[in-house]
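There are 2 protein chains.
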Amino acid sequence: MRVAVLGVGLIGGSIGLAARRRLGAEVTGFDRDADVLARALEVGAIDRSAESLAEAVAAADAVFCAGPVAALPTLAAEALEASGEDAVVTDVGSTKRQLADAIAAHPQGSRFIGGHPLAGAETDGVENARAELFEGARWYLTPDDRSQGVLFDRLHRLLADIGARPQAIDAAEHDRAMATISHLPHVLANVLVNRVADGLSGESGRGLEVGRSFRDTTRVAGANPAVWADILSANGATVADEIDVVIERLRESASLLREGDREAVERWQAGAREDRLAIAAAELSGGELHELRLAVENRPGTVAEIALALGKAGVNIEDMGLFPASDRRTGAISLWIAGSAEAERAAEVVGELGHGVSIVAGGA
Amino acid sequence: MRVAVLGVGLIGGSIGLAARRRLGAEVTGFDRDADVLARALEVGAIDRSAESLAEAVAAADAVFCAGPVAALPTLAAEALEASGEDAVVTDVGSTKRQLADAIAAHPQGSRFIGGHPLAGAETDGVENARAELFEGARWYLTPDDRSQGVLFDRLHRLLADIGARPQAIDAAEHDRAMATISHLPHVLANVLVNRVADGLSGESGRGLEVGRSFRDTTRVAGANPAVWADILSANGATVADEIDVVIERLRESASLLREGDREAVERWQAGAREDRLAIAAAELSGGELHELRLAVENRPGTVAEIALALGKAGVNIEDMGLFPASDRRTGAISLWIAGSAEAERAAEVVGELGHGVSIVAGGA
Chain A
0 MRVAVLGVGL
10 IGGSIGLAAR
20 RRLGAEVTGF
30 DRDADVLARA
40 LEVGAIDRSA
50 ESLAEAVAAA
60 DAVFCAGPVA
70 ALPTLAAEAL
80 EASGEDAVVT
90 DVGSTKRQLA
100 DAIAAHPQGS
110 RFIGGHPLAG
120 AETDGVENAR
130 AELFEGARWY
140 LTPDDRSQGV
150 LFDRLHRLLA
160 DIGARPQAID
170 AAEHDRAMAT
180 ISHLPHVLAN
190 VLVNRVADGL
200 SGESGRGLEV
210 GRSFRDTTRV
220 AGANPAVWAD
230 ILSANGATVA
240 DEIDVVIERL
250 RESASLLREG
260 DREAVERWQA
270 GAREDRLAIA
280 AAELSGGELH
290 ELRLAVENRP
300 GTVAEIALAL
310 GKAGVNIEDM
320 GLFPASDRRT
330 GAISLWIAGS
340 AEAERAAEVV
350 GELGHGVSIV
360 AGGA
Chain B
0 MRVAVLGVGL
10 IGGSIGLAAR
20 RRLGAEVTGF
30 DRDADVLARA
40 LEVGAIDRSA
50 ESLAEAVAAA
60 DAVFCAGPVA
70 ALPTLAAEAL
80 EASGEDAVVT
90 DVGSTKRQLA
100 DAIAAHPQGS
110 RFIGGHPLAG
120 AETDGVENAR
130 AELFEGARWY
140 LTPDDRSQGV
150 LFDRLHRLLA
160 DIGARPQAID
170 AAEHDRAMAT
180 ISHLPHVLAN
190 VLVNRVADGL
200 SGESGRGLEV
210 GRSFRDTTRV
220 AGANPAVWAD
230 ILSANGATVA
240 DEIDVVIERL
250 RESASLLREG
260 DREAVERWQA
270 GAREDRLAIA
280 AAELSGGELH
290 ELRLAVENRP
300 GTVAEIALAL
310 GKAGVNIEDM
320 GLFPASDRRT
330 GAISLWIAGS
340 AEAERAAEVV
350 GELGHGVSIV
360 AGGA
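From first to last, the protein sequence lines stand for chains A and B.
Counting from 1, position 262 in the first sequence corresponds to residue 261 in numbering that gives the first Met the number 0; the numbering is continuous, with no gaps.
Counting from 1, position 258 in the second sequence corresponds to residue 257 in numbering that gives the first Met the number 0; the numbering is continuous, with no gaps.
Just to be clear, a hint being listed does not mean it is correct.
[Unchecked claim] Label-pair distances were calculated between CB atoms; the ranges are:
id: 1; chain 1: A; residue 1: D32; chain 2: B; residue 2: V359; range: 51 to 59 Å
id: 2; chain 1: A; residue 1: R145; chain 2: B; residue 2: V244; range: 31 to 39 Å
id: 3; chain 1: B; residue 1: A236; chain 2: A; residue 2: R145; range: 52 to 60 Å
id: 4; chain 1: A; residue 1: A37; chain 2: B; residue 2: R21; range: 54 to 62 Å
id: 5; chain 1: B; residue 1: R129; chain 2: A; residue 2: R250; range: 37 to 45 Å
id: 6; chain 1: A; residue 1: D197; chain 2: B; residue 2: A331; range: 50 to 58 Å
id: 7; chain 1: B; residue 1: A70; chain 2: A; residue 2: N223; range: 44 to 52 Å
id: 8; chain 1: B; residue 1: R21; chain 2: A; residue 2: R214; range: 45 to 53 Å
id: 9; chain 1: A; residue 1: D197; chain 2: B; residue 2: D123; range: 26 to 34 Å
Calculated from the structure, these hints are not laboratory results.
Note that the structure is predicted; figures quoted are calculated from it, not measured.
For glycine and all other residues, C-beta sits at the position ideal for the given N, C-alpha and C.
Using the sequences provided together with the hints, build the complete structure.
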């Protein structure tokens, strides 16, 4: 396996380290910043550094675009143009729709599959890269109806092999979900520190002391301004819509508090407790692995369609394998799903898509 | 020193433990729940349990009302009536104005000084009480113009001796500050989990995974509903006003994001970063201790007035001592202040109040 990493910071560097150590991959790196590239080589994040993007991706089986969000459309297009016909190109950006739109018309677009690992660290830079960064981390993939199944399969497996838990999701849906669970917390944190900092300028703000609830709620306030300006701009309209929803609910909260009905406030508070527990429960998954065998037509988009339908149904694909038949027009897919209820659900979803499916008893 | 603790849960129990271990105080406890009272005795949070509130406070030098916020007005009034003429009565509630209003007309009100330690734990109950709970913790005190200086002094010293950092603040100002730095984060967390939990009911919510920023921002969502219904109700109007301010800023944020001016978004993000750093810097204090000696008239309210003025100026009183002159009409106060700039500022503030003041060179 030959992997190219374009942009060797914390994420790109960690991909390199993980691919080298856990897959025995040969990793070529490129970065516009020559110092960063040299450090990546020093810390062993890459096997060798390339002089150009084209050189880095020329022989790669998989190309990771790990530059800033705003640079990704150009970076991904260049990677598609310079890489071989069998190379899968992906990225690690926190927003996906803008990039998907940019690549939509690209003649090589069927080789691009957007990605977004839910992993990071307080401290960026390749010095802080580590092979375990993605261990157990959700890694969203956004294939579309052009995506080549065999390339999706390769990428999915590669990510699972470096310890991540890939899941397919529609690009626009990804951005809506991120607007709520990631971008909105950043906006609220910003607004909150801004409000409190105002008080500091007044007499009464001196000697101010905030508690743990404030520190936790605002930990992400003002996170890396360059990075977050990109993210919030790329997903701006969706985040703004989310803010509107929050404003409406805050208005209701203010009314509730002004009414002074203590029992109603307690019900509201108890409801929030249930919500928090429901979110925590939804995150838990697991169980014994079950194998699903699918008979499919071997056409572009099939695997993406299945992966997206399962992702939408909340079923996680722990592992997958593609087995093209000798006629190259049909084939089999094996999907490994954790938990028997999830496997049943997966079989149902796949059946609805019109594929023959069976659950292989026993697990891995 | 004899201490009475009314309500022996996490906070009351920890006060008992700390007073016993660090002050060698004799601690009497009372709780409406006989089981809780028995456990408090078992874990050594109190020396003995009283059969009634009156019995508990009869011989106390200091009485801590540590019941639920909604119960405090009654509890404090009963404690004032049953305690001796030289006993200071305080509380540990998270809101202060409602209680101050309730006690304002009480004939024994000059012996009451409201309090609020910024300490707590995920796990309540006397089983989790510990003597170190208040170590280094800010402990707000809300004396008013009726408060007896000698009682404020005793309470201040007691709290400092159990490891806390007492600071005087006006009750209404305390509640405004708490609305922003404590109650508002809870409201925002509630609204955020509520929004995300909505999504769980839809198809796309299955398999949802939230990141660390979401978990941090919503850690306090739905915190103990009974306790927080009390707090949010007691401070409802002020919190609602804060929500209105936040709504206005969120509206501005949404506009900013819709405008799509990436540079403006980066400036906004960088501003939030500066705000967060400014808040962190404001929390840092320290430096060598300086002693201020004040000549004062020995009348009720003098110490409270000085403590409040210093609190307002952001100067923390690390320790204090009262030295009444033999005529009982005048006296001296020593205040220990950390940091020479703070000591200078303190001298200025005290001078403006019309007291003679000198800074004693050297420190403790």
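So, going through the hints one by one against the coordinates:
1. A:D32 with B:V359: 51 to 59 Å: About 57 Å separates the Cβ atoms of A:D32 and B:V359, which means 51 to 59 Å holds.
2. A:R145 with B:V244: 31 to 39 Å: 48 Å, violated
3. B:A236 with A:R145: 52 to 60 Å: 57 Å, holds
4. A:A37 with B:R21: 54 to 62 Å: 56 Å, holds
5. B:R129 with A:R250: 37 to 45 Å: At 41 Å between Cβs, range holds.
6. A:D197 with B:A331: 50 to 58 Å: 39 Å, violated
7. B:A70 with A:N223: 44 to 52 Å: 46 Å, holds
8. B:R21 with A:R214: 45 to 53 Å: Since B:R21 and A:R214 have Cβ atoms about 27 Å apart, the given range 45 to 53 Å is violated.
9. A:D197 with B:D123: 26 to 34 Å: This hint holds: roughly 33 Å between Cβ atoms.
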